[in-house]
Amino acid sequence: MALQSLDIARSSATTTPPPSVRQTTEVAKLIDVSTCIGCKACQAACMEWNDIREEIGTCSGVYDNPTNLTENSWTVMRFAEVEEAGKLEWLIRKDGCMHCADPGCLKACPAPGAILQYANGIVDFQEEYCIGCGYCVTGCPFNIPRISQKDGKAYKCTLCSDRVAVGQAPACIKSCPTGALQFGSKEQMRDYAEHRVVDLKERGFKEAGIYDPQGVGGTHVMYVLHHADRPQLYNGLPADPGISPLVHLWKGFAKPLATVAMAAVALGSLYHYVTKGPNEVSKELEDELEKEDAL
Amino acid sequence: MIRNPKDLVRYTPEERANHWLGGICFILLALSGLAFFHPAFWPLTQLFGGGVWARILHPFIGLVMALSFLSLFLRFRALNAMTPVDKEWLSRMREMVDGNDHNMPEQGKYNGGQKMMFWAIAVCLLLLVVSGILLWRAYFTFPVELVRLGAVIHAFCAVVMICTIMVHVYAAIWVKGTMRAMWHGTVTRAWAKQHHRVWYRQVTGK
Chain A
1 MALQSLDIAR
11 SSATTTPPPS
21 VRQTTEVAKL
31 IDVSTCIGCK
41 ACQAACMEWN
51 DIREEIGTCS
61 GVYDNPTNLT
71 ENSWTVMRFA
81 EVEEAGKLEW
91 LIRKDGCMHC
101 ADPGCLKACP
111 APGAILQYAN
121 GIVDFQEEYC
131 IGCGYCVTGC
141 PFNIPRISQK
151 DGKAYKCTLC
161 SDRVAVGQAP
171 ACIKSCPTGA
181 LQFGSKEQMR
191 DYAEHRVVDL
201 KERGFKEAGI
211 YDPQGVGGTH
221 VMYVLHHADR
231 PQLYNGLPAD
241 PGISPLVHLW
251 KGFAKPLATV
261 AMAAVALGSL
271 YHYVTKGPNE
281 VSKELEDELE
291 KEDAL
Chain B
1001 MIRNPKDLVR
1011 YTPEERANHW
1021 LGGICFILLA
1031 LSGLAFFHPA
1041 FWPLTQLFGG
1051 GVWARILHPF
1061 IGLVMALSFL
1071 SLFLRFRALN
1081 AMTPVDKEWL
1091 SRMREMVDGN
1101 DHNMPEQGKY
1111 NGGQKMMFWA
1121 IAVCLLLLVV
1131 SGILLWRAYF
1141 TFPVELVRLG
1151 AVIHAFCAVV
1161 MICTIMVHVY
1171 AAIWVKGTMR
1181 AMWHGTVTRA
1191 WAKQHHRVWY
1201 RQVTGK
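Those protein sequence lines, which keep their order, are chains A and B.
The first sequence begins at 1 in my numbering and counts up one residue at a time.
The second sequence begins at 1001 in my numbering and counts up one residue at a time.
Hints are not guaranteed to be accurate.
To be verified - Covered stretches of chain B (chain A as the covering partner; in silico rule of three or more C-beta atoms under 8 Å from a C-beta of chain A):
{"hint": "1", "region": "1028-1039"}
{"hint": "2", "region": "1142-1152"}
{"hint": "3", "region": "1164-1172"}
Keep in mind the hints are simulated off the structure, nothing from the lab.
The C-beta atom is built at its ideal place from N, Cα and C for all residues, glycine as well.
Please work from the sequences and hints to get the whole structure.
Right, dumping it as structure tokens:
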């Protein structure tokens, strides 16, 4: 969003520094899975604030509705039924963009300025610059961005960058009836989460912990999990997410190296021409054939 | 007006049209593809009407190129089969590059270098088409790990392809009297005798 245009930490496909004179506090959303009741108020608030509507779907037999993230649903509740120590546990996770400190989407994006990361940590798509190639989907370790069938642009949670820019908490936070969603500075959120983890441990969840994966440099959406040792239980939350080595290879050092290689072939050819000269048809052969013709 | 009626026909109009269809496709693909490869090349998207158009057009041009090369491949495949003479030619390529080509082994319609190029392009294009389909998000959805692998293969093959074609174009510029074979179809007898003596004997019966 233009309102934050002086505090851009990173801009996709841009090799010079983006406007970054303004420094802002790193923010984070904390999702305390242990106090979430799966009411989906956050889903409704997200659509409300961003003014987008999901198509009316059909019941798929479980509570998940819609069943996946879409260009219109930037956050969805994922319900998992897990048996732990002979007891059924209903694990409910609010899924959406994690706003990675090291965003794979931004690394993969070829369109200058189509993905921005602000100094406050929010990773935001600028759809007007999006070309719809889907490289962000390829780069994302969490399978978050969705390409719209309607306009071919990529969409995902903005962490309500427009609200945050004017000192407001994201819409989902405001709607949460249990306080499972919290928003503040990343530091505050970590403190709050640690306090929650202590509480959960006292209640018998020995492996309770914070999900702030370091493989992507930490995230600006964090979870408090009762089973932090097995994040996969929560509908496949990756245990150790990171930008794929293939994406690193593709978008990392190979690019400048290949560019130099191509330039070397072009310049090498020119050098060869000016040093060795053209390969002409020999005069001798031409004369020889002319003589034959004259006979 | 034909300068010399004794010039030798090297390519038929169909072969030339086929070659240039592929050539035009290659140029468009390289320009649009490079734009996505590195930000330094991003301005090239303007040639296609912007980033979105470049993204939309690139895969379709790729399909045209694949089909046009397939046709070229079927035409010239047999002529590009590697022989022991080609291996000898390749092992002595240094002399050729230095400009002393009069001692090089006698060549048929294509020399070892040209054949290597033909097969390199064929392999690259095959890989580019397969990996390109993996990346074509507008119409296909594949498992993300496969798409990531596809992206690496696509970029790698594209760079090899661009370098190979640059050498291909340069060789045609460097060896005088070559371009006309692909422009209007003929070469002089002296050219043929110097660079492709076996082929010269075949077509002239001398």
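Hint by hint, here is what the structure shows:
A stretch counts as covered by a chain when three or more of its residues have a beta carbon under 8 Å from one of that chain; for the region 1028-1039 of chain B and chain A the count is 5, and the coverage holds. Given as covered by chain A, the region 1142-1152 of chain B passes the check, having 7 residues with a CB less than 8 Å from a CB of that chain where 3 are the minimum. Here the region 1164-1172 of chain B counts 3 residues with a CB under 8 Å from a CB of chain A, which clears the bar of 3, and the coverage holds.
Violated hints: none; the structure is consistent with every hint.
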